[in-house]
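These protein sequence lines are chains A and B, in that order.
Here our numbering is used: position 231 in the first sequence is 328, and no number is missing along the way.
Here our numbering is used: position 183 in the second sequence is 428, and no number is missing along the way.
Note that these hints are calculated values from the structure, not bench results.
You may find that some hints are simply not true.
What the hints assert, rightly or not - Going by beta-carbon spacing under 10 Å, a handful of chain B positions derived as facing chain A:
1. 254
2. 310
3. 313
4. 317
5. 320
6. 327
7. 328
8. 330
9. 331
10. 333
11. 334
12. 341
13. 343
What the hints assert, rightly or not - Quick list of the computed label-pair ranges, beta carbon to beta carbon:
14. B/318 <-> A/208: 26 to 32 Å
15. B/358 <-> A/323: 56 to 62 Å
16. B/431 <-> A/213: 48 to 54 Å
17. A/286 <-> B/363: 52 to 58 Å
18. A/198 <-> B/375: 40 to 46 Å
19. A/152 <-> B/332: 43 to 49 Å
20. B/299 <-> A/272: 25 to 31 Å
Predicted model, so just to flag it, every value in this text is computed and none were measured.
Even for Gly, the Cβ is constructed at its ideal location relative to N, Cα and C.
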Amino acid sequence: MVPVLLSEWIKVRTVRSTFVTLLLTFVVTVGLGAVVSAVVASTWNNQTPTERANFDATGVSFSGIALGQLALIVFAVLVVTSEYSTGMIRATLGAVPQRMTLMLAKVLTVLGLVGVVSVLTAFISFFLGQALLGSHRTSITDPGVTRAVFGMAIYMTLLALLSVGVAFMVRRPIPALAILMPFFFLISPILNAVPKVKNVAHFFPDVAGRQLYSVQGSTDVPYGPTAGFFIVLAWSLGCVVIGYLLFARRDA
Amino acid sequence: MIEVNELTKRYGDKLAVDHLSFTIPQGVVTGFLGPNGAGKSTTMRMMLDLDRPTSGSVRIDGKHYGQLREPLKYIGALLEAKAVHPGRTAYNHLLWLAASNRIPTRRVDEVLALVGLTAVAKKRSGGFSLGMGQRLGIAAALLGDPKILMFDEPVNGLDPEGIIWVRNLMKSLAAEGRTVFVSSHLMSEMALTADHLVVIGLGRLLADMPMNEFIDRNSRSFVRLRTPQPEQLLDALSQGGIAALQGADGTWEVENGDLARIGDLAAEHRVTLHELSPQRASLEEAFMRMTAEAVEYQTGAPALPPEQEQEQKPEPAAAWGAGWKKES
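Bound conformation, chain A alone (with noise of 0.2 Å):
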């Protein structure tokens, strides 16, 4: 096992696209967390008193992953797909039969690198958010705040997790990002204006990871944080298993 997570640690760090998309997931979340959080603080006068008080400072800091998971999905679907889209996947196989163990390093491969770079963004995001806030902000020692900043690291890794297994279900990198991308950049906000739908949405992963990663939650979601967290959780594994079932049934 240890060779493979080398091997696989070797193959991600040698690749100028894990550096590109793992800078930009970091840039943008932070940088876009950062603007948003400046704009509503210049323009708090102008607020109604209910948004007032749903008010998260937590949460307005942590804006800008609604477009910086994209380059994070991108990162975690090339990571598979470029192993099909270049034969690789045959010299890779070669050397490690076991499919099994293959995936696995992939995997913790994937996990401890988005792992590291989702902790520096969740807290740059949140510290320098704060900061833009001027007086509306929030303090890490506030009750519920360290569970944010967290479940936003948390949230992040487990969508990369997620965007392993549906690589590994799909194969090809331009489906695997047809189908992920509009899923949490359209899809869910979409469903998401829609009574009656909106509850089956609403236990989408980003919806579930939105509750994860704030501090007091939207009122809409019939569920907290801790469920929030295993939603999340249970979409990773899910496309994970199903993607480990295909890879060790199928031609490679």
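We have chain A; now place chain B onto it with these hints.
Just chain B now, with coordinates in the frame of chain A:
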């Protein structure tokens, strides 16, 4: 030793590999020959457990490929050129392969030197020519210093220099006592490198025998005669106990004939000869005959170009193919 036993692969209702059984002998170069679409690559992928067989099995020293610990130390394979991430350097490509099988890092430099890629080791492989990509693939195959090497069409797309390099490499690997299994659709290529032959067509085994046996059985040698006086010639020959068969284009052929004796007989009987020449049917021709019925995408034109047609054996082609199948 690799044993392929009743290996079968079905895609939908098409059988790509059909109950294929053969054993790859140790320490020699075995040529795996068949026309395009015969199922060579599919068979090789199943040998490496990349594709799952519909039925049958492959054993490597008695084990299934998936049961091998650190398989690169047993088998090195080159399946397709450029199965490499174009953004990764040649060195890093070999580095991750080495790491996965606990092969020391210095071995990466060794194989790079062996295939002559040291100068471009730190270059991204995306810019490599086909020949360089092939060399990198061979370096990857040699990385674990394996006893068995498997190459799928290694000379495809190589320039003449590269072809000679690959040929010599395979011979030297076998000379070191390694088992080399190499596929090709060119008989001429195999005739130069292989000691043993496995021939398949449409996924079925057509021949499995040592190269020299294949040559003995297939490269028919005969004497070609041309004369304006066929009657007298046949008389003269039959008096000497020699039978001649009519060849194409008004010629006569004597199987395994002795040039001097035939010439002497003709002179004794004062028969004019316009041609008295030794002929040898090529192995390529024998291979094409053997696989003629097993070619998947047949063109409307005859299987052989006209010049070769003239050298055809008098017996019909079907008899050859049928004969082979019975023996194998």
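Under 10 Å, Cβ to Cβ, is where residue 254 of chain B needs to be relative to chain A, so tell me if that hint holds or is violated. Where the cut-off is 10 Å and the nearest Cβ of chain A is about 9 Å from residue 254 of chain B, the hint holds.
A range of 56 to 62 Å was offered for this pair. Does it hold for the Cβ distance of residue 358 of chain B and residue 323 of chain A? holds (58 Å)
Go through the hint on residue 320 of chain B and say holds or violated, using the shortest Cβ distance to chain A against 10 Å. holds (8 Å)
Chain A contact restraint for residue 334 of chain B - C-beta distance below 10 Å: Given a least distance of 7 Å, the restraint on residue 334 of chain B holds.
Has the hinted range 40 to 46 Å been met by the Cβ atoms of residue 198 of chain A and residue 375 of chain B? 33 Å Cβ-Cβ, so the 40 to 46 Å window is violated.
Residue 431 of chain B versus residue 213 of chain A beta-carbon gap, inside 48 to 54 Å or not: Given about 52 Å between the Cβ atoms, the range holds.
Quick one, is the residue 313 of chain B hint okay against chain A at 10 Å, beta carbons? This interface hint holds because 7 Å falls under the 10 Å limit.
Given the hint of 25 to 31 Å, check if residue 299 of chain B and residue 272 of chain A actually sit that far apart at their C-beta atoms. For residue 272 of chain A against residue 299 of chain B, whose Cβ atoms are near 27 Å apart, the range 25 to 31 Å holds.
Do the numbers back the hint for residue 327 of chain B, that is, is its least Cβ distance to chain A under 10 Å? This hint holds: residue 327 of chain B lies near chain A, its Cβ roughly 7 Å from the closest one there, short of 10 Å.
Is the hint on residue 317 of chain B kept, meaning its closest Cβ partner in chain A is under 10 Å away? Since chain A brings a Cβ to about 5 Å from residue 317 of chain B, closer than 10 Å, the hint holds.
Does residue 330 of chain B meet its interface restraint, that is, does its C-beta lie within less than 10 Å of any C-beta in chain A? holds (5 Å)
Is 43 to 49 Å a correct range for the gap between the Cβ atoms of residue 152 of chain A and residue 332 of chain B? For residue 152 of chain A and residue 332 of chain B the Cβ distance comes to about 45 Å; the hint holds.
Of the numbered hints stated above, the single one contradicted by the structure is hint 18.
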